[in-house]
Amino acid sequence: MTGCLADVETILSLVGEDADLAKVPFRMCQSTMLIERGDLDGAAAAVALPTKLEQHLPGTWAWLALPFGRARLALARREWGLAYQQAAATGERMAAIEVTSPEFFAWRSLAAQALRGARELGRARELAREELELTRAIDSPRGIGIALTTLGVID
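Sequential numbering of the sequence shown, starting at 96, is according to our numbering.
Among the clues, some could well be false.
[To be verified] With a straight-line Cα cutoff of 20 Å, these simulated EDC-like cross-link-like pairs (lysine to aspartate or glutamate) come out:
| id | residue 1 | residue 2 |
| --- | --- | --- |
| 1 | K147 | D115 |
| 2 | K118 | E149 |
| 3 | K147 | D134 |
Everything labelled a hint here was simulated from the structure, so no lab data went into it.
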């Protein structure tokens, strides 16, 4: 809870008069919902941010959410390389701010799906198994389900 509060405080301190920064995680959620509806153009608009806004994101949850949302869109578009790159960027950003739990963003499963699409099944299985191991270590039913589903799709 303390981490969430600190993130909210960071976002609010950066927002000032302009609330666009605080909207980024919600835009990523919007993108996910639009992908589910098949509206890939709408999803693309949701994840398209002005460069000036992106420059204010490092260190916030929005900074993590952005490449994750973009990875989901690339996956829906069957852009395997871009999907993998954006999912991996999520993992790199999580590591940079010391967020190790896959409970926040299941980036390994997303990257594994991209690798499956690119027919790199060995690496895809490796990432999905790694995520399964991590989620079992924290006893996360949701995370375990995501990792097992990803493994099932790969095999």
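So, going through the hints one by one against the coordinates:
1. K147 with D115: Judged against 20 Å, a Cα distance of about 11 Å means the pair holds.
2. K118 with E149: Holds. K118 to E149 sits at ~12 Å (cutoff 20 Å).
3. K147 with D134: 26 Å, violated
The structure is inconsistent with hint 3 alone, although it conforms to all the rest.
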